[in-house]
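Residues per chain, in single letters:
2 protein chains.
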Amino acid sequence: MAKASFDPQEFRSALSTFTTGVTIITTRAENGDPVGITANSFNSVSLNPPMVLWSLDKSAMSLPAFTSNKHWNVHILSVEQEALSGRFASRGEDKFKGLELDTGINNIPLLKNCTARFNCRTAFIYEGGDHMIFVGEVLGFDKSERPPLAFQSGQYALAARKPREGVQLGATPPPECSYTEDLLGYLAGRAHFQLVAALQNVLKTQQLNEQQFFILSVLSIQDSLTIEEINTFVDYTGGAVTLEDMAALEEQDYVVLVKKNGSSRYVLTANGREASLKQIAVAKAVEEQIADQIGAGDVEALKILFKRLIKATDPGLPDLWATKEENDAKKTAS
Amino acid sequence: MAKASFDPQEFRSALSTFTTGVTIITTRAENGDPVGITANSFNSVSLNPPMVLWSLDKSAMSLPAFTSNKHWNVHILSVEQEALSGRFASRGEDKFKGLELDTGINNIPLLKNCTARFNCRTAFIYEGGDHMIFVGEVLGFDKSERPPLAFQSGQYALAARKPREGVQLGATPPPECSYTEDLLGYLAGRAHFQLVAALQNVLKTQQLNEQQFFILSVLSIQDSLTIEEINTFVDYTGGAVTLEDMAALEEQDYVVLVKKNGSSRYVLTANGREASLKQIAVAKAVEEQIADQIGAGDVEALKILFKRLIKATDPGLPDLWATKEENDAKKTAS
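As they're listed, the protein sequences go chains A and B. Numbered per the numbering used here, the first sequence spans residues 20 to 353. Numbered per the numbering used here, the second sequence spans residues 20 to 353.
These are computed hints drawn from the structure, not numbers from a lab. It cannot be assumed that every hint is accurate.
Which copy is meant is left open, because identical chains are indistinguishable; a pair holds if it fits in one copy or across any two.
Calculated pairs, EDC-like style, for lysine to aspartate or glutamate (alpha carbon to alpha carbon, straight line, at most 20 Å) [stated by the list, open to error]:
#: 1; residue 1: 297; residue 2: 201
#: 2; residue 1: 330; residue 2: 319
#: 3; residue 1: 223; residue 2: 254
#: 4; residue 1: 89; residue 2: 146
#: 5; residue 1: 89; residue 2: 156
#: 6; residue 1: 349; residue 2: 119
#: 7; residue 1: 89; residue 2: 76
#: 8; residue 1: 131; residue 2: 113
#: 9; residue 1: 162; residue 2: 26
#: 10; residue 1: 330; residue 2: 307
#: 11; residue 1: 303; residue 2: 333
#: 12; residue 1: 343; residue 2: 333
#: 13; residue 1: 114; residue 2: 229
Working from the sequences, and respecting the hints, build out all of it.
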C-alpha cells in the first residue's frame with residue numbers, strides 16, 4: 020500500500036466497498052424551485068445535539084441552493100425507491116415532476132414512502148477537498164417500517180441481516196465431516212422441502228402429491244397443454260409425468276382432456292383452478308409468516324439471491340410465463 | 020414529523036436504518052501504544068484531493084491519540100471480521116493482543132485480511148456536536164476481493180446485490196396470474212431442483228436417483244442407522260424409504276446391513292463412502308461456480324437467509340449433525 024499518487028478509478032473502487040444506504044436530500048432554491056440530489060455520503064454525527072452530515076460536490080448545480088437555504092430534508096430511501104434514486108442522481112431538470120409530496124417544515128420538499136426522513140437546519144458547512152461537508156442539526160424525523168435500500172461497489176443492494184444470536188441450524192460436525200449445513204445444496208433442498216411441507220395440509224385435503232401439485236401449478240399459468248408440454252415444464256423437478264398421472268388427475272376432476280386438431284390437451288377444471296388458487300394462497304400465507312419472522316427486506320433480499328442463483332445454474336429451462344412462440348425462439352437462439 | 024424535542028432512542032433507531040459498512044480506525048498514542056476503534060461513521064468526501072471522514076465521540080478514550088497523531092489507518096472490514104469489529108467496539112484494554120499486523124506507514128497499526136484499507140493524514144478536525152469530525156487526506160490504500168461486512172438497524176449484515184441488468188427470470192405474467200416468479204416457494208423449488216440437476220451427471224454414473232442420493236448423504240454424516248432412523252432424517256423430503264430401496268443400495272455395494280444387538284443397521288461401504296464424497300465434491304464445485312458468477316459475499320448472504328428461512332419454517336426436524344442422545348433430548352423438550 021501507500022502510493023504517493025494513485026489511480027482515481029482504483030481509489031473510487033476501494034472506497035465503494037464501504038456499504039452505504041441511499042438518501043435523497045432536498046431543499047428549495049432562492050427562486051422557490053424544489054432542489055434534490057441523491058447522496059450516499061450521509062452519516063450520523065452527534066446524538067446530543069442531534070446532528071447528521073453529508074457532502075456535496077463543489078461543482079454540483081444544487082450547491083447555491085444548499086448554501087443559501089439553511090433547511091433541508093434527508094430521505095433514507097426504501098428498497099422500492101431505486102428508480103427515485105436514479106432520477107435524483109441524474110442532472111435532469113424535472114426531478115420532482117409528478118411526485119406527490121408531503122408537507123414539510125419551511126416548505127422544503129418532503130418525499131413520500133421513505134424508510135426514514137430527517138428535517139435539518141445547517142449547523143456548519145465545512146471544507147472537504149472537492150466537496151463541501153454539510154452538518155445539520157436535526158429538527159424532526161420520522162421512520163416507517165419500509166426496508167431500506169443499500170449501495171455497495173456501484174450496485175444497489177439489500178441487506179441480508181445476521182441476527183445476533185447467530186444462524187447455525189444444527190450441532191457443529193466434527194472437522195472430518197465434509198458434508199455440513201453450509202453446503203449450498205443442502206440449504207436449498209431443505210428450504211424447498213420445508214416450504215412444500217408447509218403446504219402439505221392443503222395438499223392432503225386435496226389428495227394431491229408433490230408432483231400433482233407441480234402439474235396443477237403449471238396448468239394454472241399455461242392452461243391447455245399436451246402431456247409433452249407439461250413435461251417440458253416439470254421435467255427439471257426430476258419426475259416424468261405419465262398418462263397414468265394425468266388420468267388420476269382427471270379422475271379427481273382437477274383436469275379434463277380436450278382433443279382438438281388431433282392433439283390432446285389438458286385443461287384445468289373449475290375444481291382444478293380452485294385447488295391451485297388455494298395452494299397459491301397458502302404459499303403466500305407461508306411467505307407472509309416468513310416475512311414477519313425474518314423481515315420483509317430480508318425476504319426481498321432472498322428473492323433477489325434466489326433469482327441470481329437460478330440464473331447462474333439455469334440449464335435453459337423453458338419460461339413458464341412466456342408464450343409457446345417465445346419459448347421456441349429462446350430454444351432456437353440457445 | 021418535526022418534533023422540537025425527541026426521544027434519543029427513537030432518533031438512533033431512525034438513523035440506524037441507514038446501512039453502513041464497518042471500519043476499524045487505528046493510530047498510535049503518544050506513548051506508542053496502539054489505539055483502535057470500530058466506527059461506522061466513515062464515508063468518502065473528496066476524490067481530488069482524495070479525502071475521507073469519520074467522527075469520534077468526544078468522550079472516547081482514544082480521542083487524545085487521534086488528536087495528537089496526524090496519521091491513522093481506516094480498515095473496511097470483511098464479512099469474516101465480525102468478531103474483530105466486536106473486539107474494537109468494546110472498551111477493553113488489549114484490543115491488539117495476539118493480532119498479527121502488517122507494517123504500515125509511520126508505524127500505525129495495519130490490520131490484515133480487510134476488504135480495503137486507507138492510510139490517512141488528518142486534514143481537518145471539525146466540531147460536530149458531541150463528536151469530532153476527522154477529515155483525512157488519503158496517502159495510500161489497498162483493496163482485496165474479500166466481501167465487505169455491513170451494518171443495518173443494529174445488526175451485522177451482508178449485501179445482497181441487485182445487478183444493474185435486473186433479476187427477472189421470465190416473461191412478465193398478465194396481472195390476473197396469481198402464480199408468479201416472485202412466489203418464494205417457486206424460487207426455492209427451482210433453486211433446489213437446478214442444484215440437484217447440476218449433480219445429475221455424477222448421480223447417473225453412480226446409477227443413483229435423488230432419494231438414494233439423500234440416503235447416502237445421511238449415512239455419510241450419521242453412519243450405522245436403522246431404516247427407521249434413516250426415515251426420520253429423509254422424511255421431510257417427501258418420500259418414505261422402504262426396505263426395497265435399501266436392498267437396491269446393498270445390491271449396488273453402496274451400503275451393507277449389519278445386525279447387532281437385535282437391530283439391523285445400515286453402514287456405508289467403502290464404495291458408498293467414496294460415492295458420497297464424490298457427490299459432495301461436485302456439489303462444492305457447483306457452489307464455487309455460483310460464487311464466481313454472483314460473488315462470494317452474495318453466496319454468504321444467501322446462506323444466511325437460507326438458514327433464517329429454514330429456522331422460520333422448521334417443523335422440528337431432527338439435527339443430522341447431532342448425536343442420537345441430543346436429538347432425543349430435543350424431541351423431549353419440544
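Unsatisfied constraints (hint numbers, rising)
Per hint list: 6 and 13 violated.
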